[in-house]
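There are 2 protein chains.
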Amino acid sequence: MTVTEPKTHSEGVYASLRAELLGGAFEPGSKLRLAGIGSRYGVSLSVVREAMTRLAGEGLVQALPQRGFCVAPLSVEDLLDLTRARVLIETAVLRESIGQGGLDWESAVIAAHHTLQRTPYTTSEGHLGGDWSVAHHAFHKALLTGAKSPRLESIATELRDCSLLYQHWSIDIAHDLDRDVAAEHRTIAELAVARDADGAVKALTDHLERTTAALLAYAKSNTESGRGIGISA
Amino acid sequence: MTVTEPKTHSEGVYASLRAELLGGAFEPGSKLRLAGIGSRYGVSLSVVREAMTRLAGEGLVQALPQRGFCVAPLSVEDLLDLTRARVLIETAVLRESIGQGGLDWESAVIAAHHTLQRTPYTTSEGHLGGDWSVAHHAFHKALLTGAKSPRLESIATELRDCSLLYQHWSIDIAHDLDRDVAAEHRTIAELAVARDADGAVKALTDHLERTTAALLAYAKSNTESGRGIGISA
DNA sequence: AAGTTAAATAAAATCGAAATTTTCTTGCTT
DNA sequence: AAGCAAGAAAATTTCGATTTTATTTAACTT
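From first to last, the protein sequence lines stand for chains A and B.
Under this note's numbering, the first residue of the first sequence is numbered -4, with each subsequent residue one higher.
Under this note's numbering, the first residue of the second sequence is numbered -4, with each subsequent residue one higher.
Among these hints, one or two may not hold up.
When chains are identical, the list treats them as one kind, so a pair holds in a single copy or across two.
[What the hints assert, rightly or not] Taking lysine-lysine pairs in the DSSO-like style, the calculated list, with each CA pair at most 27 Å apart, reads: (1) 197 / 26; (2) 215 / 2; (3) 136 / 26; (4) 215 / 143; (5) 197 / 143; (6) 26 / 215; (7) 136 / 215; (8) 136 / 2.
In case anyone wonders, no lab produced these hints; they're calculated from the structure.
Build the full structure now, drawing on both the sequences and the hints.
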């Protein structure tokens, strides 16, 4: 698997910065100084600016006119809205997938699920593994490819990327949650392939809402104990 | 009604360019030369570039690495995908609105519909009036505000803006279509306020699909007669 | 001491030019 | 004449510096 060479400098910085953001390298809401990032990547302000503008369009960073850019600020309110939007859109697209997806889609879902199943959730150090995140993302993406709608897929992907920012709230407690995430994925995959639209939609909804609930529970405990980071409201 | 002063130069060019694009000032797929636009607005390339990057994020223009930007190319395939996405998302959000919208939402829908009803569809010269477009946009937006979901609203708005690019395919035949657009709007508004979710969703779906069908019919006739403009495939 | 104003500092936004890359043109070969 | 190659022109991308705006610091007043 070779990484495609970025055609332009700006493209490269955009991709790197995006990966850093989604990897939780920056604190939510924190200021992103153009000069610092520019010198870190060895490029001029213009290219950092363009990358930032693109990221702002995706909602990963926020543009503050005349005051630069900051990492998208997280809030309970936004997480709830985001989850609602994801449930609405992803379930609708999943229905389309189940209705229109062909054998290629079924195979892709099964393959993606198999990969996810076999990828360790945590690294040897107990942290959330990057490989698992990639496999998880690929699995959810595969579920929606049956709809054969580039627009819907990209919207769903964009929303999921936004919610990735929230995953880093609870990176430490992720593995002692009182639920079986692997089983949830298996259920979704099985019902989808079995063309049980209502069942699959229900399972996907539960999956998304449970994840959000776990995040909120963690955010609450953190806020109460005064260790809350970057959570407004 | 005062237009808010743009905080930054780039912001202003972005807004102006956006309005031109949605107003059909440029031919779909045509090249947008940065230097030309820059001198026209009296700004340097940097600010045009930033505006373009933002517009590319919205899908109104397309970024071609190392080759600049062009107006989003239109195609039958994309129009069908776009319509499908709009139906899926707008109907889902409309359901939420009907389910959760309060009296303020009802009032906003009725007000927006009233404005739309009283705004002439064509100007004295027989062209599609800008006022009507604004009122039309506001009406569809009002339908979705009851859901109280900033994310869903902005996604729906973005998609509708994209489809505005297609409206200029048929600007001339717009008024001799064999359908009553005003009646369609009235039906949607009435069913929505009456909290008839299934009925309103059906009416909205019909409205969107009829508009697309009319555009496709026009595009087909244009292509056959060799007068097609910027329609690939 | 708290609040306000004014200077100094830092950062962002913009510019004009240099460096690349693409595109067009011209001349050459088959 | 058609196809190809080399050079010229044009356009995009990037840079470094200037200008403008926001933020911080310091001094001053109430």
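> Which earlier hints can't be squared with this structure?
Replying inline: 1, 2, 3 and 7
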